[in-house]
Amino acid sequence: MSFEEFQNRARLYVIGALEADETEAFEQARKKFGQKAEDFIADCYSMHEAFALSLRPAKSSEALKERLMSMVRNRQKT
Amino acid sequence: MAIDYSSRNGTPDERVEAPGPRLPASAPELDPGAPTDLELMHAIQKEDPEALSVLYDRYNGILKALILRVIHNEAEADDLLQEIFMEIWKQAKNFSAQKGKPLGWMVTLARRRAIDGLRKKQAYTRAGERLQSETEQQPDAWVHNATEEEITFGDTRILVRRVIDTLPVAQQEAINLAFFRGMSQREIAAKTNTPLGTVKTRLELGLKKIYDGLKELRDEL
Numbered sequence: 068m069s070f071e072e073f074q075n076r077a078r079l080y081v082i083g084a085l086e087a088d089e090t091e092a093f094e095q096a097r098k099k100f101g102q103k104a105e106d107f108i109a110d111c112y113s114m115h116e117a118f119a120l121s122l123r124p125a126k127s128s129e130a131l132k133e134r135l136m137s138m139v140r141n142r143q144k145t
Numbered sequence: 190m191a192i193d194y195s196s197r198n199g200t201p202d203e204r205v206e207a208p209g210p211r212l213p214a215s216a217p218e219l220d221p222g223a224p225t226d227l228e229l230m231h232a233i234q235k236e237d238p239e240a241l242s243v244l245y246d247r248y249n250g251i252l253k254a255l256i257l258r259v260i261h262n263e264a265e266a267d268d269l270l271q272e273i274f275m276e277i278w279k280q281a282k283n284f285s286a287q288k289g290k291p292l293g294w295m296v297t298l299a300r301r302r303a304i305d306g307l308r309k310k311q312a313y314t315r316a317g318e319r320l321q322s323e324t325e326q327q328p329d330a331w332v333h334n335a336t337e338e339e340i341t342f343g344d345t346r347i348l349v350r351r352v353i354d355t356l357p358v359a360q361q362e363a364i365n366l367a368f369f370r371g372m373s374q375r376e377i378a379a380k381t382n383t384p385l386g387t388v389k390t391r392l393e394l395g396l397k398k399i400y401d402g403l404k405e406l407r408d409e410l
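These protein sequences, in sequence, are chains C and B.
Using this note's numbering, the first residue of the first sequence is number 68, and each one after it goes up by one.
Using this note's numbering, the first residue of the second sequence is number 190, and each one after it goes up by one.
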């Protein structure tokens, strides 16, 4: 697998769209390309942020936050 | 060093050195003195609840939007949002800045939980039908509320949207189904009645365009 092919697969991999039968070859290439491959994969994960930020933020209730913070503080006490 | 929480707004870690180049991702502007995401994560690792509170204020809207995009149910989205922030609190020790930014870590976590939740509740089919209906009514399902920008994330969203909008609708749909619904290539092929090879090509081309577009955006910024 060329590095360009690896890059194409990596972009599918980070969104979980790599098929099972493609995974083995991908993992082999990942080993072959070493740190360069890991850096590229890490960079691809930034697409997750972009996808999320493409959405209009949704509102949550203040009560939800109060519940959350209460749970956190209770957890700290125990 | 104690964090000054008096200025809570804004985001990210643009003031913090990132481990190597990253795609732009995001970053609305940080108010002067506001803690960066990375500073908040470090404080959460030290079990500072106020840091979680600030992080919640900063990102609950984005994460809830993501969850809603997956499960399409307000009450379930709220429950999941709460669970996800609890998981952020509990799993913060596993966050490493070497592997990416805090927002990326949180989005990845939220997406996984939302897709798991979707599957567990066996709402997949019903939500899929709703998605299909939405997609038919609005082929570019990602494009909505483009004129309702909130102040904080508005500019970022517009910039990211511009990149995504350059894609043909079929590519957007394939990526939408993969990212927001957690569908495999085969599932997308079946759902859209499209040959598997075509789905693969759409995903590869679409993701490459988004990746390259975001890189250009970063260079411009």
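Check each hint, because a few of them may be wrong.
[Unchecked claim] As a list, the in silico DSBU-like pairs of lysine-lysine whose alpha-carbon atoms are at most 35 Å apart:
no., chain 1, residue 1, chain 2, residue 2
1, C, Lys103, B, Lys404
2, B, Lys282, C, Lys144
3, C, Lys103, B, Lys279
4, C, Lys132, B, Lys309
5, C, Lys99, B, Lys310
6, C, Lys99, B, Lys397
7, C, Lys144, B, Lys398
8, C, Lys126, B, Lys310
9, C, Lys99, B, Lys398
10, B, Lys404, C, Lys126
11, C, Lys144, B, Lys309
12, C, Lys99, B, Lys404
13, C, Lys98, B, Lys282
14, C, Lys98, B, Lys397
15, C, Lys144, B, Lys404
16, B, Lys309, C, Lys98
17, C, Lys144, B, Lys397
18, B, Lys310, C, Lys103
19, B, Lys404, C, Lys98
Derived from the structure by calculation, the hints contain no laboratory data.
Evaluation of the provided hints:
1. Lys103/C / Lys404/B: Within the cut-off at roughly 17 Å; holds.
2. Lys282/B / Lys144/C: 19 Å, holds
3. Lys103/C / Lys279/B: Holds, because 31 Å separates the two Cα atoms, which is no more than 35 Å.
4. Lys132/C / Lys309/B: 25 Å, holds
5. Lys99/C / Lys310/B: Violated, because 40 Å separates the two Cα atoms, which is more than 35 Å.
6. Lys99/C / Lys397/B: 22 Å, holds
7. Lys144/C / Lys398/B: Roughly 49 Å separates the two Cα atoms, so the pair is violated.
8. Lys126/C / Lys310/B: 23 Å, holds
9. Lys99/C / Lys398/B: Since the Cα atoms of Lys99/C and Lys398/B sit roughly 25 Å apart, the hinted pair holds (cutoff 35 Å).
10. Lys404/B / Lys126/C: Cα-Cα ~30 Å, so holds.
11. Lys144/C / Lys309/B: 32 Å, holds
12. Lys99/C / Lys404/B: Given pair Lys99/C, Lys404/B holds - Cα atoms ~25 Å apart, limit 35 Å.
13. Lys98/C / Lys282/B: Judged against 35 Å, a Cα distance of about 27 Å means the pair holds.
14. Lys98/C / Lys397/B: 22 Å, holds
15. Lys144/C / Lys404/B: 45 Å, violated
16. Lys309/B / Lys98/C: Roughly 34 Å between the alpha carbons, so the hint for Lys309/B and Lys98/C holds.
17. Lys144/C / Lys397/B: The hint is violated at about 48 Å.
18. Lys310/B / Lys103/C: 39 Å, violated
19. Lys404/B / Lys98/C: 25 Å, holds
Checked against the numbered hints above, the structure violates hints 5, 7, 15, 17 and 18; every other hint is satisfied.
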